[in-house]
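These protein sequence lines map, in sequence, to chains S and R.
For the first sequence, the numbering used here begins at 903 and goes up steadily by one.
For the second sequence, the numbering used here begins at 119 and goes up steadily by one.
By construction, these hints were calculated from the structure, which means they are not laboratory data.
Idealized CB from N, CA, C, for every residue including glycine.
Hints are not guaranteed to be accurate.
[Said to hold, decoys possible] Across the chosen pairs, the derived CB separations fall in these ranges:
1. S/1033 x R/204: 18 to 26 Å
2. R/178 x S/1035: 50 to 58 Å
3. S/1071 x R/131: 51 to 59 Å
4. S/1060 x R/195: 32 to 40 Å
5. S/947 x R/203: 52 to 60 Å
6. R/204 x S/923: 37 to 45 Å
7. R/177 x S/915: 18 to 26 Å
8. S/928 x R/147: 48 to 56 Å
9. S/1112 x R/142: 44 to 52 Å
10. R/208 x S/1067: 48 to 56 Å
11. S/1060 x R/196: 31 to 39 Å
12. S/1068 x R/208: 50 to 58 Å
[Claimed, not checked] Where chain S lies over chain R, by a calculated footprint (3+ residues, C-beta under 8 Å):
13. 123 to 134
14. 137 to 150
15. 168 to 174
16. 179 to 193
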Amino acid sequence: MSRQAAPGTERLEHGYRRLLACYPRSFRADSEEEVLAVLLAAAAEGQARVGSAEAWDLIRGAVRMWLWPAAPRPRAVRAAVKFMLAGAAAELAVVITMLTTAPAVRAALAAKDAAAVHPVAVRLIVDLGAAPLVIGLWLWLAWANGRGEDWARMISAACFGLVTLSMIAVLGQGGAVYALANVAVASLEWALGLVSVVLIFTPAAWRYYRPQPAQQ
Amino acid sequence: MQEATFLILTALADGAQHGYGIITEVAQISDGRVRLRAGTLYTALDRLRVDGLIGVDREEVVEGRLRRYYRLTPEGTKVLAAEAARLHANATAALTRLRPGLAGGAA
């Protein structure tokens, strides 16, 4: 299995390996030896140093792989990311509708059931306090799903499940304490979550989140 | 679709090729105009693989070095055919307008 390499070839190989070290580890583990073989096959006769054009090409490839890992996102994932960003915007809209409708809800409630005013006010404060976290969660999941992180997809599905259950619980027991506008915006946010989760589990998205190993 | 991607898919249209084979095929198809370098080639191959347009056909070890053959997937064939038809339609339209006497753009 021994290959006798000329000293120039060894130096060239060493130069290529130093450049390939700039690539993400997963790519190197999968493809470094293969790329090296192609680089050496394409090298000029007697070439001992990496040319500036090929060095630039390898560095550019490494930068691309770091900045845009794997492939351009499948359409479904790109759309899911947009829906998640829209989800963050919808949460902001929920906050705005909560703040603007709170006095009306409070007045309506006071007229109907004065004892319920306090718990509803507490819930409003909790909802408003959680809103920045929810917006942050939407943005974080959009970012991580866009990068093809499989755990982000699972967290997205789990969050959607929890939100669905809590919505059913809240609307089931006390939907009346929310203003119509508030329920409408929250339903929109839920629908954005539903569409996002469906999109990140489409077949094209599966390939993006779980690329096939090289050996087939 | 970028020209390099189109040419890589074209190089694989009639059978599996390894990395260096793709470089030489692309040079041949483009009449030597496009000379892919390894960095560009493998960035494209990585993306095409994850997009499901190409797959690994087989691997060999030649002179102690790994050689991996790539092939078009059915999805890749479909995408290449659609892109080729689009380019062909555009080229035909351009030639027809440039040479009104030659309907269909035949040379």
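These are the hints, each one checked on the structure:
no.	hint	result
1	S/1033 x R/204: 18 to 26 Å	violated (46 Å)
2	R/178 x S/1035: 50 to 58 Å	holds (53 Å)
3	S/1071 x R/131: 51 to 59 Å	holds (56 Å)
4	S/1060 x R/195: 32 to 40 Å	holds (38 Å)
5	S/947 x R/203: 52 to 60 Å	violated (41 Å)
6	R/204 x S/923: 37 to 45 Å	holds (40 Å)
7	R/177 x S/915: 18 to 26 Å	holds (20 Å)
8	S/928 x R/147: 48 to 56 Å	violated (31 Å)
9	S/1112 x R/142: 44 to 52 Å	violated (33 Å)
10	R/208 x S/1067: 48 to 56 Å	holds (52 Å)
11	S/1060 x R/196: 31 to 39 Å	holds (35 Å)
12	S/1068 x R/208: 50 to 58 Å	holds (53 Å)
13	123 to 134	violated (count 0)
14	137 to 150	holds (count 3)
15	168 to 174	holds (count 5)
16	179 to 193	holds (count 7)
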